[in-house]
Amino acid sequence: KQEVTQIPAALSVPEGENLVLNCSFTDSAIYNLQWFRQDPGKGLTSLLLIQSSQREQTSGRLNASLDKSSGRSTLYIAASQPGDSATYLCAVRLYRGSQGNLIFGKGTKLSVKP
Amino acid sequence: DVKVTQSSRYLVKRTGEKVFLECVQDMDHENMFWYRQDPGLGLRLIYFSYDVKMKEKGDIPEGYSVSREKKERFSLILESASTNQTSMYLCASSLLRTSRTGELFFGEGSRLTVL
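In order, the protein sequences belong to chains W and E.
All letters in the first sequence, in the order written, are residues 4 to 117 by the numbering used here.
All letters in the second sequence, in the order written, are residues 123 to 237 by the numbering used here.
One thing to keep in mind: the hints can contain errors.
With a Cα cut of at most 35 Å, we get these calculated DSBU-like pairs of lysine-lysine [as the list claims (entries may be wrong)]:
| id | chain 1 | residue 1 | chain 2 | residue 2 |
| --- | --- | --- | --- | --- |
| 1 | E | Lys175 | W | Lys4 |
| 2 | W | Lys71 | E | Lys179 |
| 3 | E | Lys179 | W | Lys109 |
| 4 | W | Lys109 | E | Lys177 |
| 5 | W | Lys109 | E | Lys192 |
| 6 | E | Lys179 | W | Lys112 |
Among the chain E residues that face chain W by a calculated CB cut under 7 Å, a handful are [what the hints assert, rightly or not]:
| id | residue |
| --- | --- |
| 7 | Pro161 |
| 8 | Leu165 |
| 9 | Gly229 |
Simulated from the structure, these hints should not be mistaken for lab results.
Quantities reported herein were computed from a predicted structural model and do not represent experimental measurements.
Idealized CB from N, CA, C, for every residue including glycine.
Could you put the whole structure together from the sequences, leaning on the hints where they help?
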């Protein structure tokens, strides 16, 4: 059974620091992996989607990498800002045919201190 | 930009009441989903739909039903609300076949409290 783990559950860093959030999954037969951001009491906002054939995706100060063989993805945030404070979740999609098979991690709660 | 709109941000209902949660998306997405999110348990899939009038059970369908009469609208129904259904409910949608197949777009969430 596919399991998605995000460690640590919480992270606090000073403003300006570069940081890495981790996501690991047990079954490497994934179709894609998506990173989300969630602000308190709100829905999820899609940040980056990496297809299984890709190694990384970039959007502004965010860079997500994918290593299927090791079952890992990382989300790199450059020059962190207080506005980056939120919970970050990753989710893997197991295979193309099943839209319902999206497995979420429980998230890393990031706090960026001014 | 994709817009997924959930009709109610906050609801308070009593045990035994029938509850409707509505979700509308404006991007002609084939797939729509209902999740619930609880502290320590993460997101869990309740139901999803890949076409009008089509539905499939997710991981925790007990106590819920859904309706998809139009492509843009997906409703979650609690026939008889119970206190253990107090939760944040999240609707999402995605395209079926594009280069970004499977990218999920979420609504703002509906916080339901059952007393």
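Going through the hints against the structure:
no., hint, verdict
1, E/Lys175 / W/Lys4, "holds, 30 Å"
2, W/Lys71 / E/Lys179, "holds, 28 Å"
3, E/Lys179 / W/Lys109, "holds, 21 Å"
4, W/Lys109 / E/Lys177, "holds, 26 Å"
5, W/Lys109 / E/Lys192, "holds, 32 Å"
6, E/Lys179 / W/Lys112, "holds, 30 Å"
7, Pro161, "violated, 9 Å"
8, Leu165, "holds, 4 Å"
9, Gly229, "holds, 5 Å"
Going down the numbered hints, you'll see the structure goes against just number 7.
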